[in-house]
Amino acid sequence: MRWREFNLYWYSTTPTPPSTPSNEWTWINGSSYPSSGIGQAGVYGTLGTSSAGNVPGGRGATAGWTDSSGNLWIFGGYGLDATGAMGNLDDIWKFSPTSGQWTWVGGSNAVGAAGVYGTEGVAAAQNTPGGRSVQVSWTDASGNMWIFGGSNSSLSGTGGYLNDLWTLSPTTNMWTWMGGSQTPNTVGVYGSLGVPAAGNQPGGRDDSAYWIDANGNLWVFGGYGFVTPNSTTDLADLWEYNPKTKVWTWVGGNNTGGTSGIYGTQGTSAATNQPGARSFGCSWTDMSGNFWMFGGVGWDSKGARSQLNDLWEFSPTTMQWTWISGSNQVNATGSYGTLGAAATSNVPGARFGCKTWKDGSGNLWLFGGKGYAASGVVGDLGDLWSFNPNTGQWTWMGGPNQVNGTGTYGSEGTPASSNTPANRSAATSFVDSSGKFWLFGGYAAQSSNPDQIFLNDLWTYKP
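When you number the sequence shown by our numbering, it's gap-free, plus one each residue, and the end is 463.
I should point out that these hints are in silico values taken from the structure, not numbers from a laboratory. You may find that some hints are simply not true.
Simulated DEER-style distance windows between Cβ atoms [claimed, not checked]:
#	residue 1	residue 2	range
1	338	21	18 to 26 Å
2	196	376	39 to 47 Å
3	265	85	45 to 53 Å
Below 20 Å or equal to it, Euclidean Cα-Cα: the simulated SDA-like pairs (lysine to any residue) are [said to hold, decoys possible]:
#	residue 1	residue 2
4	246	193
5	436	316
6	244	140
7	302	260
8	358	316
9	302	327
10	358	66
11	358	302
12	246	272
13	302	272
14	358	289
15	358	139
16	246	287
17	462	388
18	302	329
The model shown is predicted, which means the values in this text are computed figures rather than measured ones. Ideal Cβ positions, reconstructed from N, Cα and C, are used throughout, including at glycine.
Between the sequences and the hints, there should be enough to build the whole structure, so can you do that?
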């Protein structure tokens, strides 16, 4: 599983939650960190039945959604099954904030499940995308949940980079295979730039940046995957998928991968501007429908590949990129300034695997990841940032400005100004109907243990 490999390369009965005061974290359930071993195994209970004792196993790089009733859903990821075995998962879980309980609603309670595709476009109870992680996930206007790509199990159970597209109905809990290949490591079919065609298809990839536009179309940028047979690299292609026509369009970037960024002038859009090829970036859609992307692992302006902290804005109207803030070179350290105070000099350090939210005022929020804090040491991060698109300024809102913090959990279900989640990467984020942020799981590490710790703690934060 590539996320795990990349981390190792860089690393030598719950009550209903009370009303959370603003800017305070609440630990809702799951195991605190550090826990014994590599994390908690899943407690599945009975399929379809909620219970105070149920809890997903520790995991990261998981798909996540919020349904119309405010329930939180997760699918798969790389982590621990019912026996504590480690691998890619295909289980579906639902968490009710009202009852404070998890329900296992589908998929296997064991790692390594192969995909069951069925008939394209037809839902069936036995269908499953197969165990996977670092996929794209979103919810459409009808409340259906979608995933695209990711890494690992296919029809045969063999590992690789996937380009299959699936939708899940939260009413029936049934999957429908909507397109893409049943075989991993498929090369993309680009067609002509800007021209939709039934044969177009992005190649197999994981951890792309993605957005949903005002028309409900999916946009995908980059990731790590295939551009030619037997050749993988960071990608810089931009795709649009129309769920009504079920057609992909290659709309920008290149079809070769491994390319350096063309930054242009900071704050100025241009047709020639182009983010470097990257994976594990963080993304938002703002109130005006513009797409934003921060950091990841990729290529800077000088052709160096490592961790980035550049912030980009893309207008789907003009089809142009603007470099907004951060460095055009890799491995920049964070400039935190004063806690709670915005400043033009503030900027998060280079990182990948951070999680994002958008608040009701249109501010973009970012938490954690793996990368550089203030000291220049690489590790897991637990800092919380807010970016105001109107002022173009970052604010450090909380969490440590150093790596590998174990967090302060406090009492389960009780908000406190001293609470903070443990530093982590590859968590899952949600926003509920009241505007609260939710954070689940991810990967952490101990200085004495270069291997990953799999987290399954659930937190909420009210901005």
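Hint check results:
1. Look at residue 338 against residue 21: about 21 Å separates their beta carbons, and that is inside 18 to 26 Å.
2. Look at residue 196 against residue 376: about 46 Å separates their beta carbons, and that is inside 39 to 47 Å.
3. Evaluation of the 45 to 53 Å hint for residue 265 and residue 85 yields a pass: the beta carbon distance comes to about 52 Å.
4. The straight-line distance between the Cα atoms of residue 246 and residue 193 is roughly 17 Å, inside the 20 Å bound, and the hint therefore holds.
5. Of the supplied pair hints, the one linking residue 436 and residue 316 is violated, its CA atoms being roughly 28 Å apart against a limit of 20 Å.
6. Under the criterion of a C-alpha separation no larger than 20 Å, the hint pairing residue 244 with residue 140 is consistent with the structure, at around 11 Å.
7. The suggested pairing of residue 302 with residue 260 holds, with an alpha-carbon distance near 7 Å, which does not exceed 20 Å.
8. Simply put, residue 358 and residue 316 have alpha-carbon atoms about 19 Å apart, close enough for the 20 Å limit, and the pair holds.
9. Between the alpha carbons of residue 302 and residue 327 the distance comes to roughly 12 Å, so the proposed pair stays at or under 20 Å and holds.
10. Distance hint between residue 358 and residue 66 is fulfilled; the C-alpha atoms sit about 14 Å from each other, no more than 20 Å.
11. Proposed proximity of residue 358 and residue 302 is contradicted: the alpha carbons are some 32 Å apart, above 20 Å.
12. Annotation: proposed proximity of residue 246 to residue 272 is violated, straight-line Cα distance about 29 Å (limit 20 Å).
13. For the given pair, residue 302 sits about 16 Å from residue 272 by alpha-carbon distance, which is consistent with the 20 Å threshold.
14. Taking the CA atoms of residue 358 and residue 289, the gap is near 12 Å; set against the 20 Å cutoff, the hint holds.
15. A distance of roughly 15 Å separates the Cα atoms of residue 358 and residue 139; the hinted pair therefore holds under the 20 Å criterion.
16. Restraint check for residue 246 and residue 287: the C-alpha separation of about 26 Å exceeds 20 Å, so the hint is violated.
17. Note on residue 462 and residue 388: the hinted pairing holds, with a Cα-Cα distance of about 17 Å set against a maximum of 20 Å.
18. Note on residue 302 and residue 329: the hinted pairing holds, with a Cα-Cα distance of about 7 Å set against a maximum of 20 Å.
Checked against the numbered hints given earlier, the structure breaks hints 5, 11, 12 and 16 and satisfies all the rest.
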